[in-house]
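Q: Each chain, letter by letter, is given below.
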Amino acid sequence: MVVVKIKPLSEILKNLRGFKKIAIFGCELGSARCKNGGLKEALQLKNSLEKEGFEVISVKSPGGTCILEKVSKPLLEIEKGCEVVISLACGAGTQVIAENTNLPVITGVSTLFIGAEKEGKYFDEYCIACGDCIISDTGGICPVARCPKSLVNGPCGGAINGKCEVDSSIPCIWYKIAERLEGLQKLEVLRERAPFKDYRLAVYPRKLEVEETT
Amino acid sequence: MNFSEKLKNGKFIITAEIAPPRGTDWKSVIKGIEPLKGKVDAFNITDNQRSMVRMSSLVMAKFLLDYGFDPILQLTCRDRNRIALQSDLLGAAALGVKNICLMTGDFTSLGDEPKAKPVFDVDSVQLIEIAKILESGKLLNGKEVKGKLEFTVGAVYNPFAGPKVLQEIKLKKKIDAGASFIQTQPIYDVKVAEEVNDLVEEFGAVPIIGLLPIKSLKMANFMKSLNPSSVPDKLIEGLEKAMDPAQYGWDYIIDIAHAVLEFGRGIHFMLVGKTQELANFIDYLRNDSPYNHRF
Numbered sequence: 001m002v003v004v005k006i007k008p009l010s011e012i013l014k015n016l017r018g019f020k021k022i023a024i025f026g027c028e029l030g031s032a033r034c035k036n037g038g039l040k041e042a043l044q045l046k047n048s049l050e051k052e053g054f055e056v057i058s059v060k061s062p063g064g065t066c067i068l069e070k071v072s073k074p075l076l077e078i079e080k081g082c083e084v085v086i087s088l089a090c091g092a093g094t095q096v097i098a099e100n101t102n103l104p105v106i107t108g109v110s111t112l113f114i115g116a117e118k119e120g121k122y123f124d125e126y127c128i129a130c131g132d133c134i135i136s137d138t139g140g141i142c143p144v145a146r147c148p149k150s151l152v153n154g155p156c157g158g159a160i161n162g163k164c165e166v167d168s169s170i171p172c173i174w175y176k177i178a179e180r181l182e183g184l185q186k187l188e189v190l191r192e193r194a195p196f197k198d199y200r201l202a203v204y205p206r207k208l209e210v211e212e213t214t
Numbered sequence: 001m002n003f004s005e006k007l008k009n010g011k012f013i014i015t016a017e018i019a020p021p022r023g024t025d026w027k028s029v030i031k032g033i034e035p036l037k038g039k040v041d042a043f044n045i046t047d048n049q050r051s052m053v054r055m056s057s058l059v060m061a062k063f064l065l066d067y068g069f070d071p072i073l074q075l076t077c078r079d080r081n082r083i084a085l086q087s088d089l090l091g092a093a094a095l096g097v098k099n100i101c102l103m104t105g106d107f108t109s110l111g112d113e114p115k116a117k118p119v120f121d122v123d124s125v126q127l128i129e130i131a132k133i134l135e136s137g138k139l140l141n142g143k144e145v146k147g148k149l150e151f152t153v154g155a156v157y158n159p160f161a162g163p164k165v166l167q168e169i170k171l172k173k174k175i176d177a178g179a180s181f182i183q184t185q186p187i188y189d190v191k192v193a194e195e196v197n198d199l200v201e202e203f204g205a206v207p208i209i210g211l212l213p214i215k216s217l218k219m220a221n222f223m224k225s226l227n228p229s230s231v232p233d234k235l236i237e238g239l240e241k242a243m244d245p246a247q248y249g250w251d252y253i254i255d256i257a258h259a260v261l262e263f264g265r266g267i268h269f270m271l272v273g274k275t276q277e278l279a280n281f282i283d284y285l286r287n288d289s290p291y292n293h294r295f
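Residue numbers (the working numbering), protein chains in the order written: chain D, 1 to 214; chain U, 1 to 295.
Hints are computed from structural coordinates only; laboratory data are not their basis.
Since the model is a prediction, treat every value here as computed from it, not as a measurement.
A virtual CB, placed ideally from N, CA and C, is assigned to each residue, including glycine.
Hints are supplied without guarantee of correctness; some may be wrong.
Claimed, not checked - Covered stretches of chain U, as calculated for chain D (at least 3 residues, CB under 8 Å):
(1) 114-122
(2) 126-140
(3) 154-161
(4) 164-177
(5) 224-232
Taking the hints into account, I'd like the entire structure generated from these sequences.
A: Below you can see the structure in the form of structure tokens.
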């Protein structure tokens, strides 16, 4: 999922200067899952904003704000009587909203990363969308995203007691890769030198065109 | 015989490490290593080590050449993409810098420009491959390189980093890719030095054992924080008891150096001060030690 973090109220308020009537959009697909921008947080924001004297005329949280058909109807409903939209969806969802309304749109979150959830509480970055996936060779664990140096041929010499030199609160991901591959008796795959990565595949903005099938 | 020739001829090698200045005063660096002229075979020039800004290692390497020293240019993947790395390697070859030591590099945020963008376009194994591709007369993209270049390529190995099995696989990849010498992180245990020596030789490169004299208990604890298993308890205890910890630390690594001379191929002094003492020690090794025939 795309992981987002809700912005401090003070920052949201700064962007609301000059507005009075507000619609809030959350997103049940990503933002809700990481508890930083679903319906619950949208309603909390509504309360906070009303205490500040704003008039919140609508709170919606579709399942998938980046999917036009999910937001087109809710967007039509707020066109009248609303001055500004606050989106708690990720960067993609917020832009889909902005592209499909004449109202100004401000974001109430910062989009962080593509991540995975643990215990409903911890979210870790698992993928940087490099466009050239190698995890079949690394035990299903991505060193490109989960090693700060994105090393593809094995660990650097900097891990201390199995912890990453960059952040001692995270493990060196190559320990996990070693453990996994040893368990699968597949260490052999790492004896081959990894090819140079093709970073053209990571040059944004990227696009995907789905071919029509007959 | 220069560093590269000694490497090929199986002679015992002594290298030492110096850092370019944090500024432009390269002359004091040259002056500092003057006592080691003709004694240390080659000097590693660190590349913004610990991600701290210093003068370009390539420029410093050229100054060493001009003053009659043999440099080993260190180059990290941290600050350059494959275009810049190839460009610097071509420049090194053109300047006559033949020895290179290629490594990943410490992470950006650990140094004194923590907000800098890390690069890591390629890794250390791939950087070695790049050097070998350039030697073959081509760029990585297959285009022809005008003019010949030849490197003596080295790499690094930290015997205290893990996971052990992957570190060893990576070491072998580096050697298979073309590293002909391997310099290690500081080792304070003869047994570890011997194991590393054997491992590197088995994989087909010349091991050069890293030694860094410990000057104080504070420094020992710092080393321990970087690499807990690298600093043995007996070294800590010795430093605690010593009247002169700096002397103790020096004597300690000299003992290891003696041992390495028996079974090993080379020593890499990551020297902090003690230049004259090192010069005297090398004189002793070359002239009076029972192993002087190996130099």
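Q: Each of the hints needs a verdict: does it hold here or not?
A: Verification of the supplied hints:
1. With 4 residues carrying a beta carbon less than 8 Å from a beta carbon of chain D, the stretch 114-122 of chain U meets the three-residue requirement, and the given coverage holds.
2. A stretch counts as covered by a chain when three or more of its residues have a beta carbon under 8 Å from one of that chain; for the stretch 126-140 of chain U and chain D the count is 3, and the coverage holds.
3. For the stretch 154-161 of chain U, the assignment as covered by chain D holds, since 4 residues bring a beta-carbon within under 8 Å of that chain's beta-carbons and 3 suffice.
4. With 9 residues bearing a CB less than 8 Å from a CB of chain D, the stretch 164-177 of chain U meets the requirement of three and the coverage assertion stands.
5. Residues of the stretch 224-232 of chain U lying with their CB closer than 8 Å to a CB of chain D number 4, which satisfies the three-residue condition for coverage.
Of the numbered hints stated above, none is contradicted by the structure.
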